[in-house]
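Protein sequence lines, in the order shown, are assigned to chains A and B.
Residue numbers 1 to 197, in our numbering, belong to the letters of the first sequence in order.
Residue numbers 1 to 557, in our numbering, belong to the letters of the second sequence in order.
The hints are simulated quantities; they were obtained by calculation from the structure and are not laboratory data.
Just to be clear, a hint being listed does not mean it is correct.
What the hints assert, rightly or not - Looking from chain A toward chain B, a few residues come up when the C-beta cut is under 10 Å (computed):
#, residue
1, 30
2, 45
3, 48
Said to hold, decoys possible - Footprint (simulated), chain A over chain B, 3 or more residues, beta carbon under 8 Å:
#, region
4, 181–190
5, 242–248
6, 252–261
Heads up, the beta-carbon is just placed ideally off N, CA and C, and yes, glycines get one too.
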Amino acid sequence: MNATSMTVAETIQWDRPVRGRVAMFGLIAAEAAIFSIFVVAYLFYIGKSLTGPMPKEVLSVPIFYTICLLSSSLTIHLAVSALRRKGVRGFAIWWFATIALGTAFMYGTATEWHRLIYHDGLTISTNLFGTTYYSLVGLHGFHVVVGLIALSIVMALALLGNVRAEHAERVDVLSLYWHFVDAVWVVVFTVVYVIGR
Amino acid sequence: MSSDSIALPRAEAASRPLVDALHGWVTTVDHKRLGILYILYALIFLVIGGIEAGIMRIQLMHAHNDFVSPQVFNRMFTMHGTTMIFFVAMPLVFGFANYLIPLMIGARDMAFPRLNAFSFWLMAFGGFLLYFSLVGANGLYGAGNAPDVGWFAYAPLTSRTFSVGHSTDFWTLGLLVSGFGSIGTAINILTTILCMRCPGMGLGKMPLLAWLNLVMSGMVILAISPLTAAQVMLLVDRYLGGHFFDTQAGGSAVVWMHFFWIFGHPEVYVLAIPAFAFASEIIPVFSRKAIFGYPVMVAATICIGFIGMSVWAHHMFTVGMSSSANTFFVLSTMAIAVPTGIKIFNWLATMWGGKIEFKTPMLFCVAFLFQFLVAGLTGIMLGAAPFDWQLSSSYFVVAHFHYVIVGGILFTIFGAFYYWFPKMSGKMCNETLGKLHFWLFFIGFHLTFDFMHIPGMLGMPRRIYTYEPGRGWDVWNLIVTIGVFFQALGTVIFVTNLLWSYFKGKAAGSDPWDAWTLEWSTLSPPPAYNFASIPVVKSRRPLWDLKHPNDPDWKYE
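Isolated chain A (complex conformation) (with noise of 0.2 Å):
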């Protein structure tokens, strides 16, 4: 408005929560709403197929890529702490773990679809447990792939030098979409291989 505004700008203390986080926050929020969705369209269809193959018969708990994408969250976590005291070394080599731990798990997936589809002949149309099956892990997978699309091109900017520690509080952003996909996996877990099994 006029001069003396300005210098009552300056002095007031104006403290506004960080603009990246509250959007993160938002999206998760939104990303949470589509889950709950898809979940409960798991539990309510539990035993509901009318034909074979049934969850008992085919599903085997991915108990080791469980423990590597969960593990994923602590790299991640140790990659950012790393960046915020300018060990740009120590977050190229926590934040590639983490990539390699999201791909190892998204392996995982990938074997286990190829034994469900080619050995025991479930696809998504096959039945009700497939069709809420493939939707929810499938769903799950989306959110990994992207989220791993993320880390490597961060990954490609720090390997060129360009990720430096004022970039912190951004890389920061991105670890809270990681976290919010490995707690998903955990609800998943649950619902598929402990429930529904």
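Since the structure of chain A is already known, use the hints to place chain B on it.
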């Protein structure tokens, strides 16, 4: 020589302005331009959706009419509902939010300008996709063109068996695409309000419009996402042979109803809360009083937001839910009347003892108050399960929700047009045409929707393309259709007024209403950067403080 060298670029500028201007609008990331794009886009679809409504009403004007075929009638009610909700009401709400929120909270733009543009174009292409079905959906011989499954597209009508061709796919994809746009905009509005407020504007000092849009965007995030998920499931069913809603393979049609209404009912509040926001800004200014009960208004809005998420199955009483589910949804539906009632009393208390000026925006808001009250009362009637068992899917329901959406929401949106048009264009709207628009639309609205309750109570079901004479419905249907012509005429006057005022209206100045929020402190129309220097506020009415330095609000808040 020097004059030539000046004239040359000027001539060049004169030959290119249209392309340049269009290019500027298409590539813009300015929140004001995007807001206007949203609003213009919605106005175009408002006319299209209105024509569809007109076609239906002409068909139902008298018994055994054959103005359109049953097939066309099905397409008309599907397209009318879908268009009005997703491509008129939503873009109008987002358009005003986009335009006003940065100006009202003293920011130079939204938090994410490019996401803003992206979201707008997603929504725009969603609308084009829906209407492209008219030419693109004839997948098979004999398959219809436009979607004809109703705006809530109940399963199994949407399965490949019953909906051949691609009309349902266009419906699904159009809503999916525009849904992503809505979620993007909602995240943007949420972030803008939380992170872009000017110094001094704590949450408790925001204009109510910002508060209400904050709640609205939260609801969009939580309500549009389930619709997106349900549309993905429908696509899986239609394209990949899935069985989500395939009752032959153990799937459930009722699950679709739940998923749709988990979106569908909050959506009513997504549209109504911004309407409340307009009323909360306009009524105080034209009553010359500060809003009554600001903290209670905020609390009531948040309350509506919460309860609004848990009432969806009152759309499904006739489907045969358990009695405990029925009881829960009856009680939650009744409960939402409490915060809504608080709001109505607060608006009345704002007007009480005020120096009320019945300018056009205020006329629309006063009509809104009474009409929204009636809409809420019929809502309570339908919220009682036994009453709903009698009247569900009748014209009583159609009359009820049009009372909400037209009588409540559209009236305040018209008010908002007249109130903020001077800010957006720099020109005043014509008051005479505005009042003419109001009275024509008011009379038309009441002719159409007051009398529409009666054939509903006499048993006329919705979505029938014609009816037998002598059931006592004839005269009511004729009156309802006559009302539509008044509304159409009112809308013509409205558009004429906008165009005439834009070109010939008198200059508005920066603050034509002697109002109190920050958007009136900058030029009309505002410059691209909104504020030359970022304002600092100390109260909810910063312009009041500026105009009355001896008696500022912040001494009392």
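Structure-based check of all given hints:
A cut of 10 Å between beta carbons decides the hint on residue 30 of chain A: the least distance to chain B is about 5 Å, and the hint holds. Satisfaction of the interface hint for residue 45 of chain A is found here, the shortest Cβ-Cβ separation to chain B being roughly 7 Å, below the 10 Å cut-off. With a least beta-carbon distance of about 4 Å to chain B, the hint placing residue 48 of chain A at the interface is held under the 10 Å criterion. A count of 5 residues in the region 181–190 of chain B with a Cβ less than 8 Å from any Cβ of chain A is obtained; the coverage claim is therefore met, three being the minimum.
Proximity of the region 242–248 of chain B to chain A, defined as three or more residues with a beta carbon under 8 Å from a beta carbon of that chain, is established by the 3 residues found. Given a C-beta distance limit of less than 8 Å, the hint that chain A covers the region 252–261 of chain B holds, as 3 residues qualify and 3 suffice.
Taken one by one, the earlier hints all hold for this structure without exception.
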